[in-house]
Amino acid sequence: MVTALKRGVSHHTMAGEGNDSINVVNTLFLVLTPIAAVAGLWYHITQFGVTWVEPVLFVIWYFACGLSITVGYHRLFSHRSHEASWPLRLFYALFGAGAFENSAFNWCADHRLHHRHTDKPEDPYSASRGFWWSHILWVMIDEGGERIHDLDQVKDLQEDPILRFQHKFYLLIAVGVGMFLPALIGGLISGVPGAVGGFVWAGLARTVFTHHGTFLINSAAHIWGTQPYGDANSSKDSPILAFLTFGEGYHNFHHTFQADYRNGHRWYHFDPSKWWIKAFALIGLKQSLKSTPDWHIEDKRRQASFENAASKANADDSEDLTRLQERMKAARSNFKSQSRALDKLLAERRAVRKERQAARRQELEEAIAKLRDDIATIRAEFAQIMSDLTAFKPMAA
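Read in order, the letters of the sequence shown are residues 316 to 712 in my numbering.
Hints in this document: simulated from the structure, not taken from any laboratory.
Among the clues, some could well be false.
[To be verified] Heads up, simulated DSBU-like pairs for lysine-lysine below, C-alpha to C-alpha not over 30 Å straight-line: (1) Lys470 / Lys605; (2) Lys593 / Lys685; (3) Lys669 / Lys659; (4) Lys644 / Lys685; (5) Lys593 / Lys669; (6) Lys644 / Lys605; (7) Lys605 / Lys593; (8) Lys685 / Lys659; (9) Lys615 / Lys605.
Please take these sequences and the hints and turn them into a complete structure.
Here is the structure:
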């Protein structure tokens with residue numbers, strides 16, 4: 316995820332290429348915005364006091380800009396996890412710009428590179444370079460002397476006239492929507508105090524909170540948390556971060572299943588972005604929601620658990636471990652094939668129910684019951700494999 320005021324051009328430089336330089340515009344904006352927010356809040360509170368107007372405008376802009384980043388820039392534009400009607404795309408373009416995190420083209424170009432090269436030199440905000448680099452320094456330092464974005468990464472997005480318009484007039488939209496609009500609304504409600512309050516609370520202060528919510532996913536979500544779906548990269552799951560980032564904290568899940576419109580896949584996972592997408596799908600403003608089958612998620616969790624336990628096994632048990640790995644590989648292959656077959660039968664059963672084909676429905680029920688029994692047997696085999704694996708002596712520290 317990215318913050319910058321300056322529009323990019325052709326490609327993103329790799330770490331260590333050329334001479335690095337400070338991006339003066341980005342650095343001044345990121346340093347001065349929190350200072351201006353604190354000073355502005357102090358001035359507004361001492362000179363005018365606080366009414367209901369300022370907190371309400373803050374909350375509205377915080378959610379509008381925050382969700383435009385997490386749902387719009389991230390899950391819709393970067394990962395194409397669903398489709399959205401033009402009014403919603405326009406909303407995301409306007410309030411995403413108001414978040415002051417760059418145009419959708421530049422943001423998504425960097426984000427797609429991040430996923431393609433996670434933790435590698437080509438990753439624009441690689442956590443392997445430390446917390447502060449991935450949190451904010453990557454925005455403030457231009458490697459190779461210039462802030463450049465690889466717009467070849469977003470050729471699909473360039474077909475959207477709304478996003479082309481946003482990219483062309485990004486700075487005007489950002490300042491207009493992110494700063495002046497809340498000031499205007501505040502002024503219309505309660506005059507000068509409301510205008511100052513709208514600018515300070517929903518403009519300056521809200522921008523700081525939105526920025527660092529986004530930044531925490533780039534930094535903290537790659538450092539602290541769990542990795543239930545694998546450790547192929549540094550991404551972590553953190554329910555605490557989910558509460559601070561509109562549900563983006565289930566980051567290990569997201570890196571494993573990038574096209575899923577959910578980050579928190581359980582119904583009880585705190586993921587307002589998921590709920591927002593689902594709510595608009597119910598009224599027809601979003602379509603084609605992509606979600607990972609439960610069995611695929613289960614398989615990834617099981618694979619990660621096995622590999623984690625196997626990595627701690629004693630080297631003296633290498634032959635037994637190899638046999639267990641072969642058993643696990645065969646069981647996983649069987650589990651996936653049976654689960655895919657079950658998905659097909661369940662889909663056919665839904666179609667048959669609509670057509671009221673009683674005889675075929677009975678055949679399907681019997682076949683489904685058998686497949687579920689087979690899958691239960693495979694799960695028992697998984698449990699036995701894990702039991703055998705945990706019986707190994709752990710490696711010496």
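Hints versus structure:
no., hint, result
1, Lys470 / Lys605, "21 Å, holds"
2, Lys593 / Lys685, "33 Å, violated"
3, Lys669 / Lys659, "16 Å, holds"
4, Lys644 / Lys685, "22 Å, holds"
5, Lys593 / Lys669, "24 Å, holds"
6, Lys644 / Lys605, "27 Å, holds"
7, Lys605 / Lys593, "11 Å, holds"
8, Lys685 / Lys659, "14 Å, holds"
9, Lys615 / Lys605, "18 Å, holds"
Hint compliance for this structure: hint 2 alone is broken.
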